[in-house]
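Visitor: For reference, the chains in residue letters:
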Amino acid sequence: MKKAIFYVALLVFITAAPFLFPDFRTQLATLWLMIVVSMTWDMTGGQMGYNSLGNIFFYGTGMYVAAIICIGLVHDVGLYNDAARSEIMKFTDTQYFVGAIVGILGAGIFCAISAVVIGYVTFGLRGPYFAIGTLGVAIAAGELVSNWEWVGGGQGIALPVYPGDLDTGKIFFYFLFAICGVVLFIFLKWLYQTRFGAAVNAIRDDEEKAEAMGIHTLRYKLTMWALAAFFVGMVGGISAFQLIHFEPLETAYQTINLGIFMVVCVLLGGKGTLWGPIIGAILFHVIKEVTWNYLLGWQWVALGALIVVTVVYFQDGLMGWLLLKKPEWFGVRVEKKESTTESVGGAS
Amino acid sequence: MDQILGNISLLFEFPVVNLKIVIDGLMIGALFALAAYGLALVWGVMNVKNLAQGDFVIAGGYVAWYLAKLGLPPLFGVPIAFVIMWGIGWVIYKTVISRVIERDLFTSLLATFGLAIMMAQIMNLLFGSDTQSIQLQYDTLYMFDGFVDIPIAKLLGVAMAAALAAGVIFFMKSSRMGQAIRATAQDARAARVLGINTEKVYSFTFSLNAAICGAAGAIIVMVWVIQPFYGITYSIRSFVIVTAAGLGNLPGVIAAGLGIGAAEQYGAHIFGIGYQQAIAVLLLLFVLIYRLIQQKRLRQSLK
Numbered sequence: 009m010k011k012a013i014f015y016v017a018l019l020v021f022i023t024a025a026p027f028l029f030p031d032f033r034t035q036l037a038t039l040w041l042m043i044v045v046s047m048t049w050d051m052t053g054g055q056m057g058y059n060s061l062g063n064i065f066f067y068g069t070g071m072y073v074a075a076i077i078c079i080g081l082v083h084d085v086g087l088y089n090d091a092a093r094s095e096i097m098k099f100t101d102t103q104y105f106v107g108a109i110v111g112i113l114g115a116g117i118f119c120a121i122s123a124v125v126i127g128y129v130t131f132g133l134r135g136p137y138f139a140i141g142t143l144g145v146a147i148a149a150g151e152l153v154s155n156w157e158w159v160g161g162g163q164g165i166a167l168p169v170y171p172g173d174l175d176t177g178k179i180f181f182y183f184l185f186a187i188c189g190v191v192l193f194i195f196l197k198w199l200y201q202t203r204f205g206a207a208v209n210a211i212r213d214d215e216e217k218a219e220a221m222g223i224h225t226l227r228y229k230l231t232m233w234a235l236a237a238f239f240v241g242m243v244g245g246i247s248a249f250q251l252i253h254f255e256p257l258e259t260a261y262q263t264i265n266l267g268i269f270m271v272v273c274v275l276l277g278g279k280g281t282l283w284g285p286i287i288g289a290i291l292f293h294v295i296k297e298v299t300w301n302y303l304l305g306w307q308w309v310a311l312g313a314l315i316v317v318t319v320v321y322f323q324d325g326l327m328g329w330l331l332l333k334k335p336e337w338f339g340v341r342v343e344k345k346e347s348t349t350e351s352v353g354g355a356s
Numbered sequence: 009m010d011q012i013l014g015n016i017s018l019l020f021e022f023p024v025v026n027l028k029i030v031i032d033g034l035m036i037g038a039l040f041a042l043a044a045y046g047l048a049l050v051w052g053v054m055n056v057k058n059l060a061q062g063d064f065v066i067a068g069g070y071v072a073w074y075l076a077k078l079g080l081p082p083l084f085g086v087p088i089a090f091v092i093m094w095g096i097g098w099v100i101y102k103t104v105i106s107r108v109i110e111r112d113l114f115t116s117l118l119a120t121f122g123l124a125i126m127m128a129q130i131m132n133l134l135f136g137s138d139t140q141s142i143q144l145q146y147d148t149l150y151m152f153d154g155f156v157d158i159p160i161a162k163l164l165g166v167a168m169a170a171a172l173a174a175g176v177i178f179f180m181k182s183s184r185m186g187q188a189i190r191a192t193a194q195d196a197r198a199a200r201v202l203g204i205n206t207e208k209v210y211s212f213t214f215s216l217n218a219a220i221c222g223a224a225g226a227i228i229v230m231v232w233v234i235q236p237f238y239g240i241t242y243s244i245r246s247f248v249i250v251t252a253a254g255l256g257n258l259p260g261v262i263a264a265g266l267g268i269g270a271a272e273q274y275g276a277h278i279f280g281i282g283y284q285q286a287i288a289v290l291l292l293l294f295v296l297i298y299r300l301i302q303q304k305r306l307r308q309s310l311k
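Chains as they are written, first to last, in the working numbering: chain A, 9 to 356; chain B, 9 to 311.
Extracted from the complex, chain A is given alone in its bound form (with noise of 0.2 Å):
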C-alpha cells in the first residue's frame, strides 16, 4: 500500500514535471535520456557482468536510422542530404508525426537486431577484451558513418523542426522520453524478478556453471543485450527529433561523452540494483550541470576527474553504501554478534 502511493505520486510528479519547471524542459528531457540509457548500460554490465563501451553504438545507429526512415517515407534520402540541394524539401504535419513515431520504433528494432548480429561475435569475448571490442565497434561505426555520403557524412542530417510552437515541441519530447523510461522501469522492475532475470545473474556469477546447469547462455546474453539496444535506440531516434541536426562523430556515436557517462552513472548510483541507475543518472546529471555552468572551459577535466574517482573510490556507488551502511533497508538481516562474556558466563 505505502509502495503503491509511493509510486503513484512519482508518476504524478512526472507527468507535472515539466509543468512546474518550465525552464528546464530540455533539461529534464536529458535527464531521462542519461536514466534511460544508464538503466539499459545495467542490464547488460551490472545484471549480467558484461561491461559493453559500446552501447553508444546503439544510440547513433537509432539516430541514423530513424532520421532515414522519417525522411525516407517522404523523400528521396540521397537527395535530401545532399549538400548541394537547392530545393527546400518540406514535410507536413501528418508526414512528420507518422514518419517520427514509425523511425523512433524502427531505430529500436533496428537496433536490436543490430544488437544480436553484433553480440553474436563479440559475446566471444569476455572481462576486458568484451569492452574494448563494442568500443572499437562504436568507434569504426562513427568513422564509416562520417564517409559514407548518403547519409549526409561528416555534415550529419538536418531533420524538420517539430511543426507548432517551440513549447509544445519541448513537452512532446519530454513526454516521448518520459513514457520510454517508464516502460522501460516498469519492464525491468518486472523481468527482474522472472526465471529469466534469474539466469542471467546467474551468468555474471559465473558463467561456465551456468552453462554446466544447463542455461543456453549466449541465446540469454543475446536476448538481453537485443531488450537493451531495443531502448537505447528509440532514445536515439527521440534525441534525433529533439536536437534536429546532428552529426556523427560528436553527437551521435559520441563514444567519450554519453557512452562513458552511463557507465559512470551506473558506477555512482550502484551496479545491479534497480535504482541504482536511476539515482546515479540524476546525481551525474546534476554534477555535471553545476560543472558546465561554474567551469567553464574545465568542465572536461573535472567530469573526467570524477570518473576516475568514481570508479577507484566510490566504485561499490551510492546503492552498495547503503546496503553496507544500512542493510535492513534492503530487507538483509545481520546477525548481531552475541557478547562473548555473557556466553562465557553461560557456560561457567
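To be clear, the hints were calculated from the coordinates, so they are not data collected in a lab.
Worth double-checking, as some hints may not be accurate.
[Said to hold, decoys possible] Quick list of in silico lysine-lysine cross-link-like pairs, DSSO-like style, CA-CA up to 30 Å:
no., chain 1, residue 1, chain 2, residue 2
1, B, K102, B, K28
2, B, K102, B, K181
3, A, K98, A, K197
4, B, K102, A, K296
5, B, K28, A, K217
6, A, K197, A, K178
We have chain A; now place chain B onto it with these hints.
Guide: Leaving out everything else, chain B in the frame of chain A:
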C-alpha cells in the same frame, strides 16, 4: 567504388608504389611497436590495461613540440620528453594506478579511460586543438625516378626508435631492476616472498611505460602530426598489436607493429585518407575475431 578499384589497379600497374607504401608503413609501424611494447610491459607485469597509452604518446609529443617552439634543437626533445613523461607516469601511478592494480580488470580499464579523457582535455586547453608538428631541416632521398621518397627526418626517427627499443630490451635483460620486473611478471607473490619490493617494481614499470610512450610521441611529432584527441587511436593501435602478438612476445610485438603500420598505409591508399582512423579500429575487430576463432577451436573464450 570506381576510385577504390582505380587505387587498387594503380598498385599493380606501378609496383614501385607498393614499395613506397610499405616503407612508409614500416616507419610508422616502428613507432606503434614502441607504444605497444610499453602497453605489453604494464599489462604483463601489473595486469593493468592502460587506455591512456595513446595520450602519453601525444603528451610526449607536445613536450617536444613546446621545447622546439622555445628554440631548442628538436632532437633534444626526445630525451627530455622521456624524462618529463617519466615524472608524469610516476605521479599517475601514485595517485590512480596503484589503487586499481588489485581490482578487477574493468576497473583499471575505466579508470585509465577517465585518465585519457582528462589528459586529452588538459592538452586541448594548454595547446589548442590544432594539429601540430615540428619541421626538420633535412633533405629527402629520392629513389626510382622520384616514386619513392624517404625524408631523412623519418629515417632518423626510426633509428631513434630502434635505439630506444634496444636500450630498453638491454635494460630488461641485464639490469637488476629488469630482472625484478620480469620476475614480478611471472609471479608477483613469489617475487614478494623472495624479497622483491613489488610496489617499487610496479611504480618503476609504469613510469618506464609512460617514458617510452613520451619518447615515441616526441619522435612522432617530428615525422607526423599530433593533435590532443589523436590519443585514443594510438591506444587502440597498441591494443591491436598486443592482442595480435600476445604478452611477453617481443619479436611478435615488433612484427605486429610493423605489419599494422603497413596495413594502415595500404588501407589509406585504397580507401582514401578519411578512413585511416576507421581502418585502425577495424583492424582491432579483425584481430579480436581472428583470436576468437582460434580460441573457439580450443573451446575457450578470450579472457
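Visitor: Which hints, by number, does the structure contradict?
Guide: 1, 3 and 5
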